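Undergrad: Residue numbers (our numbering), protein chains in the order written: chain P, 1 to 247; chain Z, 1 to 304.
Since the hints were made in silico from the structure, they are not lab data.
None of the values given here were measured: they were computed from a predicted structure.
We put the CB at the ideal spot given by N, CA and C, even for glycine.
You may find that some hints are simply not true.
Unchecked claim - Footprint (simulated), chain P over chain Z, 3 or more residues, beta carbon under 8 Å:
| no. | segment |
| --- | --- |
| 1 | 67-79 |
| 2 | 205-218 |
| 3 | 244-257 |
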Amino acid sequence: MMRRWLLVLVLLATPALGDESLVSGVSQDLIQITSNYTGSDIVVFGDVEEQKNATGRDIVVVVRGPDSVLTVRRRDRVAGVWINHDAASLTGMPAYYYLASSRPLSEIGQAATLARDGIGLASLQPDTVHAHHDVEPFRQAALRLMTSEGLYREVPQGVEFLSETLFRAHVPVPAGVTRGQYDVEVYLIRNGAVVSAQSTPLFIDQTGLERRLYNWAHDQAFGYGLAAVVMALLMGWISSVVFRRPT
Amino acid sequence: MEIYLPIAEMSVHWMVILGMGFGVGFLSGLFGVGGGFLLTPLLVFYGIPSTVAVATTLSHITASSISGALAQWRKRAIDFTMAGVMLGGGFFGTVFGVWLFALMRRAGQMDLVVSLSYVLLLGAVGGLMLNESWVSLRTARSGGPPPVRPVNHVWIHGLPLRLRFRQSRLYISIIPPVLIGFLVGTLSAIMGIGGGFIIVPAMIYLLRMPTNVVIGTSLVQIIGITALTTLLQATSNYSVDILLAAMLIAGGVVGAQFGVRAGGKLRGEQIRFLMALLVLAVCAGLLWGLVVPPSDFYTLQLGT
Numbered sequence: 001m002m003r004r005w006l007l008v009l010v011l012l013a014t015p016a017l018g019d020e021s022l023v024s025g026v027s028q029d030l031i032q033i034t035s036n037y038t039g040s041d042i043v044v045f046g047d048v049e050e051q052k053n054a055t056g057r058d059i060v061v062v063v064r065g066p067d068s069v070l071t072v073r074r075r076d077r078v079a080g081v082w083i084n085h086d087a088a089s090l091t092g093m094p095a096y097y098y099l100a101s102s103r104p105l106s107e108i109g110q111a112a113t114l115a116r117d118g119i120g121l122a123s124l125q126p127d128t129v130h131a132h133h134d135v136e137p138f139r140q141a142a143l144r145l146m147t148s149e150g151l152y153r154e155v156p157q158g159v160e161f162l163s164e165t166l167f168r169a170h171v172p173v174p175a176g177v178t179r180g181q182y183d184v185e186v187y188l189i190r191n192g193a194v195v196s197a198q199s200t201p202l203f204i205d206q207t208g209l210e211r212r213l214y215n216w217a218h219d220q221a222f223g224y225g226l227a228a229v230v231m232a233l234l235m236g237w238i239s240s241v242v243f244r245r246p247t
Numbered sequence: 001m002e003i004y005l006p007i008a009e010m011s012v013h014w015m016v017i018l019g020m021g022f023g024v025g026f027l028s029g030l031f032g033v034g035g036g037f038l039l040t041p042l043l044v045f046y047g048i049p050s051t052v053a054v055a056t057t058l059s060h061i062t063a064s065s066i067s068g069a070l071a072q073w074r075k076r077a078i079d080f081t082m083a084g085v086m087l088g089g090g091f092f093g094t095v096f097g098v099w100l101f102a103l104m105r106r107a108g109q110m111d112l113v114v115s116l117s118y119v120l121l122l123g124a125v126g127g128l129m130l131n132e133s134w135v136s137l138r139t140a141r142s143g144g145p146p147p148v149r150p151v152n153h154v155w156i157h158g159l160p161l162r163l164r165f166r167q168s169r170l171y172i173s174i175i176p177p178v179l180i181g182f183l184v185g186t187l188s189a190i191m192g193i194g195g196g197f198i199i200v201p202a203m204i205y206l207l208r209m210p211t212n213v214v215i216g217t218s219l220v221q222i223i224g225i226t227a228l229t230t231l232l233q234a235t236s237n238y239s240v241d242i243l244l245a246a247m248l249i250a251g252g253v254v255g256a257q258f259g260v261r262a263g264g265k266l267r268g269e270q271i272r273f274l275m276a277l278l279v280l281a282v283c284a285g286l287l288w289g290l291v292v293p294p295s296d297f298y299t300l301q302l303g304t
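So that you can see chain P by itself, here it is in the shape it has in the complex (with noise of 0.2 Å):
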């Protein structure tokens, strides 16, 4: 996380003179969850400056979601019924990955030099994991999953170009994606090496009711319980005597 912000503040501090940069930003800086959301869009946008030719170059755009742990299990089958066996937690995954870019991945650059800068889900890594034997199915099963449910994808030509310098990308932000901040990165490539970066936060957050009932559940967890039990109490007396039969 401290990192990349540093990469940012040297990119942008540094643009000498004649230098290609970047120019970018997201179209809204919260998303709230109220009842009924099911999920928008985010529109980046940005321009490149001092654009010397437009071929060779290239712009991802990744946003990554808060990090989070993955748990992965294996079923194995024990006496004839399939359990859970094997298990690895991997901790530093982002919860959402969503990675535009102008062209496929594979023709921008070497996924190696691409990956040294979080590019790709391929360098998608955990921090640390805890299991007891090799990690790397347990990583490409967690990769395999997340895409599987959305939450994980690399859309190529995802970026558009409106101009020679100008473009755009629509990023998907499903319902039931984690709650938090969220980070949108910008990255001017040419020749298959990053030349400029900007990276934006996006906050996703519960709002209204939902986010006063997911609070009040945690910090006053008896007082919630108590109110649900209440409520099934009330809702069955009421029920039992709006039906009563006339006798």
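Use these hints to put chain Z onto chain P, whose structure you have.
TA: The following block gives chain Z in isolation, referenced to the frame of chain P:
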């Protein structure tokens, strides 16, 4: 309209949830059971995390049991001493169950434990019920007298700590009711059931309580257990979703009224026969999920 559930942290369609509440409420009114054994698997199947499903279903059972309990109370058909003694055991059972629940969740075996307990319990209860109702259906058709069950429970009367249960006209040891309460409390916390289909047979065949107080007393016991488990799940696992509960109950209490009316048109053994088929169908479905090779050998969980 989609509604975002704050604890389950997912969006659901309110019609689906109301419909599930209504359907299960209808069946519970028809069969005179809480319906937890149907609702919990149904919610899990819809994608609600099993921890939330187990904890939230309990509120639904509390609500659907209260109107029956009130009706029995008006008829003075509740043995509060017996309910109190069973709840005493039930309290420790739920504490134990919630602890076990948290332990299993950390070990990643929650789904397995829930499914296995369901398969075993539903298989046993469904099998017994099918057999019993089939026999009485056959005898009802042939017009013969119902078979008399030879029951021998001398050992229960030899236990110490005897207490007089006036309403049930019993003078027995408190150990069996406490143990039954403990067992049901544990199952309630793990499986999200009220346990009516265990308590009622246990009261009739084990404790030999008169049938006219069994329904009311078991309902009081169920309300007590589910209320207690809801509280414990809310404080230790934060897994009660009050918005989900409200929608389920709203559908459930209406469904139950229709179920009760439909139930009046069927004979007792017919109802039990249908119920046995339903129980066995749920059991078979869960068993299928356990033994069939999964399409993906890996599962993923966000968080520890």
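Undergrad: For each hint, tell me whether it holds in the structure or not.
TA: Going through the hints against the structure:
Beta-carbon proximity to chain P at under 8 Å applies to 3 residues in the segment 67-79 of chain Z; the threshold of 3 is reached and the given coverage holds. Check on the segment 205-218 of chain Z: 0 of its residues sit with their Cβ under 8 Å from a Cβ of chain P, so the three-residue criterion for coverage is violated. Closer than 8 Å: that is the beta-carbon criterion, and the segment 244-257 of chain Z has 8 residues meeting it against chain P, so the requirement of 3 holds.
The earlier numbered hint that this structure contradicts is number 2, and it is the only one.
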